[in-house]
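**Student:** If you want the building blocks of each chain, they are given just below.
2 protein chains.
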Amino acid sequence: MNWYLQSGTDSDVVCSTRIRFARNLKEFSFKLQNREEVEKLENKIQEEMMNIGYGLKFLKLSNIDEITKISLVEKNIISPECALNQKQLCDILINDEENICIMINEEDHFRIQVFNSGLELENTFNLAKELEEKLDNIFHFAKNKKYGYLTACPTNVGTGMRASVMVHLPALSKTSNIQKILEVINSFGMEIRGIYGENSQASGDMYQISNKHTLGITEEEIIKNLKVITKKIVEQEREARKYLAKNSIDLEDEVYRDFGILSNCRKISSKETRKLLSNVKMGTDLGIIRELTDLQVSKIYLYTKTANLQKYCKQTLDKSQLDIKRAEVIREIINNK
Amino acid sequence: MNWYLQSGTDSDVVCSTRIRFARNLKEFSFKLQNREEVEKLENKIQEEMMNIGYGLKFLKLSNIDEITKISLVEKNIISPECALNQKQLCDILINDEENICIMINEEDHFRIQVFNSGLELENTFNLAKELEEKLDNIFHFAKNKKYGYLTACPTNVGTGMRASVMVHLPALSKTSNIQKILEVINSFGMEIRGIYGENSQASGDMYQISNKHTLGITEEEIIKNLKVITKKIVEQEREARKYLAKNSIDLEDEVYRDFGILSNCRKISSKETRKLLSNVKMGTDLGIIRELTDLQVSKIYLYTKTANLQKYCKQTLDKSQLDIKRAEVIREIINNK
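Protein sequences appear in the order of chains C and G. Residue 1 is where the first sequence starts when you use this note's numbering, and the numbers rise one by one after that. Residue 1 is where the second sequence starts when you use this note's numbering, and the numbers rise one by one after that.
Just chain C, same shape as in the assembly (with noise of 0.2 Å):
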C-alpha cells in the first residue's frame, strides 16, 4: 500500500511528513531553460539509472497525460510548476511505492523528495540523506564551502533542506487558538501555511510546517526543531479536541451531521467534501465515528481529488460528472470496508 493511505506516529494529527533537498549540477549552468540543455541532463541521467537504484524509474514529464501529472500534484509529490511546465522541460525519477520523487529541472536541478505517513522525521531524513550522497557522488552537486550547497534561489542556499509534516488542525480552528499557534511557530524559525500554496487559506484545516532557513543551521537543527514545534502543536490540538469533547453531544452532532451528507450526498464538489471530511477525520480519530477505518478516510482524501477521482474511475469527467462520480466513490469506499 502506498505510504499516503497508511497511517504512522501521531497520525491523528499528522498526516505526512516530507524531507527535500534542493540540489544542483556543477557542470551545468542554474535553471536549464531550453531543450537542448535539458536534453544533455536527461541523458546524463538515463545513463545513470542502473547506479542510483532505490527502484527509481526516469519519468518524461511531456510523455504523461495531464490527469496523471496532477494527480501527483494532488498527492503533493510534485509541484503544480513542475507539472504545468509550459516548456515541458521537467522530469522525474519516482518510485513504484511513490514515497521516493525526485523532480527533474523544476526550480533547481534535482529536488530529491523522500515521504512517510505520520510524525517520522528522523527516518524520513535518514533515507533522504543517503539519497542525497549516492547522488552527489554520481551527479557532483554545486557546493561552497562558505555557504553551502547553492541553489537557484538565495533562499534555499546552504543545506538546501525543507522538512515538512503536513498537519490536521480542526480543533485549533474550531477554538480560533490557530493564530497563536501562527505565531509561536513563526518565532522557531517555521512557517505554516495552508495545503493549495502558499498564502491560501488552510483548506479543510490541514496546514503544513516547515523550516523558514536553510542557511545558518544544521540540517539536524532543522529536524529537531520541526519535531519540537511538531509535536508541541500536536499536543494542543489533542488538548483542543479533548476541550471540544467536553461538550460530547454537541461535537458528536456535528461530525455525524457531516457524515451523514458525505455518505448520502448524490454530488459533491471538491471543497465541500474537503471541509466535510475535516470534521468526519476528526470524529473517527476521537472514536466518535466507529463506522469509518482510518483507511477509508485516507482513500476518501485521495479519491475525491479532481485527477485521482478519474484515475480512480479510469474515466475522464467533465465539472458535471465529476461532482456525481465523487459523491459515488465516497459511498463506494465507505460500504466496502
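Please keep in mind that the hints were generated in silico from the structure rather than gathered at the bench. Honestly, I wouldn't trust all of these hints.
Where chains are identical, the list cannot tell them apart; a pair therefore holds if satisfied intra-copy or between any two copies.
[To be verified] Taking lysine-lysine and the DSBU-like style, the derived pairs with C-alpha atoms no more than 30 Å apart in a straight line are:
1) Lys319 to Lys242
2) Lys143 to Lys232
3) Lys242 to Lys325
4) Lys57 to Lys146
5) Lys129 to Lys319
6) Lys319 to Lys246
7) Lys271 to Lys246
8) Lys129 to Lys275
9) Lys305 to Lys246
10) Lys232 to Lys319
11) Lys325 to Lys275
12) Lys314 to Lys246
13) Lys325 to Lys246
14) Lys271 to Lys174
15) Lys311 to Lys180
16) Lys75 to Lys314
17) Lys40 to Lys314
18) Lys231 to Lys174
19) Lys275 to Lys174
20) Lys224 to Lys246
21) Lys60 to Lys143
With chain C's structure known, arrange chain G on it following the hints.
**Tutor:** This is chain G only, laid out in the frame that chain C set:
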C-alpha cells in the same frame, strides 16, 4: 395498527381525512361554563355508554396526564383548546383505534370526529354520519328547521360539518406554485392552512384543506367538492414532483442529504425534523429513497413530536434531552425495518 401509521388512497400526497360534526344537546345551554353543568352532561353520557357502542370509552381529560393530552393534540385527534382548557371542563369519548374521537364540551357539547389515513372522504363520512345519527337518537341535538343544526359559533350553523384532508405539498412549495393553489382553493369554497393552527405557516409543507361554509350547502356537496379539489391538488403536486424529478440528480441529492442528516444527527429539534422529513417523505414516495418504508416515515413523523416522543420512550424529558432522544428514536426507527 392505528390509522395514523397506515398508508391509504393517494397517500403519497394525502396523509389523512377527517370528518367532524359540531352538535349540541337541546336540554343544555351552549358552552357549559361551570363544573355543575358539565357534571350533568358527563353523567348523562356515562348513563348512555352501553347504548353508544363503537368501542368508545369515556375519558375525563382532567384525569389524564399532560403528556398524554398533548400527544393527542399532536396526532390532531383533539384540539389544543380541548387539551389546555384551564377549567378542565372537557372530556373525550375515544376508541382504541383512535379513529373515532368525540370531544365533549369543547366549543360545542359534542365534536364528533372520524379519521382515516389517505383520501377516504366517503367512507369516513358514512361512518361519521352513522355515528352522528345514533348519538342524535340518544341525546337529541338542537336543530332549527330553517338553519339546520345549531352551534355555539354561528360559522358552524347548518350542517355543522367540517370535512378536511391533510396534504403534503413539498413540490408545489418548492416550485412556488402554492400561492396559485391557495387562490383556486378559495374560489371553490374551501380553505387551506398550515398544520399548526390557523394563519400559521405550513410546517414541513403540510396543509389542511377544509370546507369554509356549513350553511346553504349539503353534506354530500361538501364531500363532493372537497374530493374534486383534493384530487386536483394531488394531480398538480404529482406533476410538480415529476417536474422536479426531471432534473433527477438535483432532487436525489437534496432528498438524500436530508436523509443523511436525519439518520445521522445526534440531536435535532422538532422543527428541523419536520423540515427534513418533508423532503425525505417525498423522496420515499417518489421511490428515490429506498432505505425507508411508508410505515417508517409515518412512525418518524409521529414519534418525533414532543409529547409522542415521551410516550414512545416512556420518559419525561427536558428540552435538551428531548432533542437528543428525538435523534436516537429516529435512528432506532430507521435501523429497525
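**Student:** Run the structure past the numbered hints and jot down the numbers of the failing ones, going up.
**Tutor:** 2, 4, 5, 8, 10, 15, 17, 20
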